[in-house]
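*Asks:* Modelling step: build the complete structure from the supplied sequences, incorporating the hints.
Residue numbers (UniProt numbering), protein chains in the order written: chain X, 1 to 414; chain D, 1 to 414.
Calculated from the structure, these hints are not laboratory results.
There may be inaccurate statements among the hints.
Chain copies aren't distinguished; within one or between two, either way the pair holds.
Listed below are the simulated DMTMM-like cross-link pairs for lysine to aspartate or glutamate, each with C-alpha atoms no more than 20 angstroms apart in a straight line [stated by the list, open to error]:
#: 1; residue 1: K129; residue 2: D271
#: 2; residue 1: K129; residue 2: D310
#: 3; residue 1: K201; residue 2: E114
#: 4; residue 1: K368; residue 2: E182
#: 5; residue 1: K156; residue 2: E394
#: 6; residue 1: K368; residue 2: E130
#: 7; residue 1: K384; residue 2: D354
#: 8; residue 1: K209; residue 2: E390
#: 9; residue 1: K209; residue 2: D310
#: 10; residue 1: K219; residue 2: E182
#: 11; residue 1: K261; residue 2: E130
#: 12; residue 1: K156; residue 2: D111
#: 13; residue 1: K287; residue 2: E390
#: 14; residue 1: K129; residue 2: E118
#: 15; residue 1: K384; residue 2: E205
#: 16; residue 1: K156; residue 2: D340
#: 17; residue 1: K287; residue 2: E394
#: 18; residue 1: K129; residue 2: D406
There are 2 protein chains.
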Amino acid sequence: MSEKTASVPADQVINLGRRRLMAGSATVIAASMTGLAKAADTSSAPPPTSAGKPLPPYVAWKDPNAMIVHTGNTLETKRAAFGTSIITPADQLYIRNNLPAPNVSIVADRDAWEISVEGVKNPRKLTVKELKSMGLETIAMVLQCSGNGRGYFPSKPSGTPWQVGAAGCVIWSGVPVRAVVEALGGMVDGTAYMTGTGGEKLPEEIDPKSVIVERSVPKGAMQDALLAWEMNGAPIPHAHGGPLRLIVPGYTGVNSIKYIKRLAFTAEQSDAAIQRTGYRLSPPGQKGDPSQPSVWEMSAKSWINSPATDSAPVQAGLVQIKGVAFGGINAVRGVEVSIDGGKTWQAAKFVGPDLGRYAWRQFVLPVKLAAGTYTVACRATDSKGNRQPEERMENAAGYNNNSWRDHAMQITVV
Amino acid sequence: MSEKTASVPADQVINLGRRRLMAGSATVIAASMTGLAKAADTSSAPPPTSAGKPLPPYVAWKDPNAMIVHTGNTLETKRAAFGTSIITPADQLYIRNNLPAPNVSIVADRDAWEISVEGVKNPRKLTVKELKSMGLETIAMVLQCSGNGRGYFPSKPSGTPWQVGAAGCVIWSGVPVRAVVEALGGMVDGTAYMTGTGGEKLPEEIDPKSVIVERSVPKGAMQDALLAWEMNGAPIPHAHGGPLRLIVPGYTGVNSIKYIKRLAFTAEQSDAAIQRTGYRLSPPGQKGDPSQPSVWEMSAKSWINSPATDSAPVQAGLVQIKGVAFGGINAVRGVEVSIDGGKTWQAAKFVGPDLGRYAWRQFVLPVKLAAGTYTVACRATDSKGNRQPEERMENAAGYNNNSWRDHAMQITVV
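*Replies:* Following this line, the structure appears as structure tokens:
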């Protein structure tokens, strides 16, 4: 990961922030890096991943064989670790933090965490315990970093060079945001955005607006959003935003605010740097500014997990080509696979239950392959007929890569 | 758990076996108890569960706060640990082993595990690697011990006194058994049963038939059965039957054979004790025999997870009554909740995605409760209109308890 300071995109602000923190208040980092591992994991150094770098202590409970450790705050799921059971287990799910997590003491009493709800007729603070009495919804959702696939940009934008593993399909459970808004009298007039603010401790002696994690999304996203306390059947791990995370289905991960402490219905977008200039689809070579599209909704995307370039050579005969496909803001309708680099395509079959509009589906295509080299690719189509494009949309920071050509792989059959 | 030896039901055979093993070959036990924990967990003694007993070393990776440790081979999920995200995470899933697991070396090379398929036109051995080339299916399924709910039998049958936590909803991925049978030419004429044999090492100097884990189910169960290598998105943990487990959706857990080494299509049921006399619905006071019904298909069942008797007092006001409901061999159609001990009932609402016929669904019913004491109960109805009964079906070993009255709870609202 680049260490240069010029034109650092917003999703790298952690490095900027951490370097500054190291000059100033090192204790904040230390606090964020300790105490998070499961009890049984704390007595020994975490094992190195097979890629070499050890798991950071705060996520020492992750599966070291499933993860690629880019930095202390950016961990990617290995392509080979994605199974075919739809849901990504917590210990294999990617990590991408814009700031170090708050002190782990915030999960000592999860029900006591408070969120301030503003921009409603009757604004007030609510504890998680109160939220739990207000309603319940459960949603399966693709959580994907805005920069997933950045590693395929030939322009090598600064930021983590994710391939496919800054994504997972996760089940979230919490109270629908619309139920909370309704209970508090509805949104105020003139609302255009839902703005969430993270509860990370901010470094001192820096303009808070330059580092705070605060994102605005169009107010319509509220309809399916949750204030979630549970992930994959367990309280949300601290490293993934527990005790309370805003979940915005169909939007890239940065919009699902961890440790949410404030949810506001606002006329304008936040003026925090992460919203104003960060996460913008800027033309190559240009800095982000508010006139450019914000990184919000996800589009149709798919990739093959097996066989993969980095796995053992494939034996000739019947081969099951397997992968995941999703529609982003829309449901996924279908997915096609090519074994000749995109010249011809065959429809693959979805397998397993359909977990709903925002989830991904597993697909499989059985093909008979003779010895040789094949370029395998896949492309998804969403419920509105939008097809995953051949080419990426070039942008300065390497966001939203859903090019099927970039995600194609060469495999060798022996 | 009872330690007496007279009329030990089949699901306690492990204790019988282990005591005999201790007199004979202690190394088998030692081998089965080591090496299974995740690397990071092995350097320290496992933490005690809040119930007091420590996790056995081979499942030291389980969440100690979620589990009740009955014995080394019987661990139950705490009612309070069941979340609302449908899927039960691996580290919260119950454990019930009829024999100690084979040596952990069997998962060193999972693809090399062999299964013998017999009773087909072209019987042969197949490795997991070969099975992976033959097809793929993914099924969400309630895995439930035959004795779940035994703890509510006033007759106190011997065997683990499970309450609700010898169950979970799990996603399995593998090859459909029917695809394997088809590839091997189909079942032989006269087949009536599908018989699976576990790969556990058998104690010496005992009649193998008295301890081997070998179960027969009607051949029709083959239609939706899997030979599975993956559970909840990761290779099946050794403690849960990896590298390969037979999955028989809609049937109680004992029929889903761990470490499966032989799958046979047979005219008769197995003559192993676990099939012949074990897991029979015997009248109270009688021993099991082949004339009695075998414990096979599951029926409609539901229970409330929150609020629960053992949780903190509930605050008066709006309360979300939450639980799980499933149909067993059939899909679940609906579930009703009573707050007056079964005098009146209200339909609850299912939340979250429907994971299919064999999965459970989460339900919620918001109710306004004043201070007082309430007897809360729930009853599920399956897709064929079968309703969960008020009374348990009495039987000697305490199997198949789906009485809604037994599962009702008193809660206190303050």
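*Asks:* Compare the structure with each hint and give your call.
*Replies:* Against the structure, the hints:
Taking the shortest Cα distances, K129 and D271 never come within 20 angstroms of each other, neither inside one copy (31 angstroms) nor across copies (54 angstroms). In the homo-oligomer, the alpha carbons of K129 and D310 lie at most 20 angstroms apart only across protomers (17 angstroms), although the nearest pairing inside one protomer, at 46 angstroms, exceeds that limit. Taking the shortest alpha-carbon separations for K201 and E114, only the intra-copy value of 15 angstroms comes in at or below 20 angstroms, while the best inter-copy value is 54 angstroms. In this assembly of identical chains, the alpha carbons of K368 and E182 lie at most 20 angstroms apart only when taken from different copies (17 angstroms versus 56 angstroms within one copy).
With identical chains, the CA atoms of K156 and E394 are at most 20 angstroms apart within one copy only, with a shortest distance of 11 angstroms there and 69 angstroms across copies. Taking identical chains as interchangeable, the C-alpha atoms of K368 and E130 lie at most 20 angstroms apart only when they sit on different chains, with a minimum of 14 angstroms there against 57 angstroms within one chain. Taking the closest pair of Cα atoms, K384 and D354 come within 20 angstroms of each other only inside a single copy of the chain (17 angstroms); across copies the shortest separation is 23 angstroms, beyond that limit. In this assembly of identical chains, the alpha carbons of K209 and E390 never lie at most 20 angstroms apart, being 38 angstroms within a copy and 60 angstroms across copies at closest.
Taking identical chains as interchangeable, the C-alpha atoms of K209 and D310 are never at most 20 angstroms apart, the minima being 42 angstroms within one chain and 45 angstroms between chains. In this assembly of identical chains, the alpha carbons of K219 and E182 lie at most 20 angstroms apart only when taken from the same copy (14 angstroms versus 53 angstroms across copies). Taking the shortest alpha-carbon separations for K261 and E130, only the intra-copy value of 14 angstroms comes in at or below 20 angstroms, while the best inter-copy value is 51 angstroms. In the homo-oligomer, the alpha carbons of K156 and D111 never lie at most 20 angstroms apart, since the shortest distance is 43 angstroms inside one protomer and 37 angstroms across protomers.
In this homomeric assembly, K287 and E390 never come within 20 angstroms of each other (Cα to Cα): the closest approach is 26 angstroms inside a single copy and 68 angstroms across copies. Within a single copy, K129 and E118 get their C-alpha atoms as close as 18 angstroms, which meets the 20 angstroms cut-off; across copies the closest is 56 angstroms, which misses it. Proximity of K384 to E205 under the C-alpha cut-off of 20 angstroms is found in neither arrangement, the shortest distances being 48 angstroms within a copy and 67 angstroms between copies. Neither within a single protomer nor between protomers do K156 and D340 lie at most 20 angstroms apart by alpha-carbon distance, with minima of 27 angstroms and 65 angstroms respectively.
For a Cα distance limit of 20 angstroms, the shortest separation of K287 from E394 inside one copy, 14 angstroms, qualifies, whereas the shortest one across copies, 73 angstroms, does not. For a Cα distance limit of 20 angstroms, the shortest separation of K129 from D406 qualifies neither inside one copy, at 45 angstroms, nor across copies, at 29 angstroms.
Checked against the numbered hints given earlier, the structure breaks hints 1, 8, 9, 12, 13, 15, 16, 18 and satisfies all the rest.
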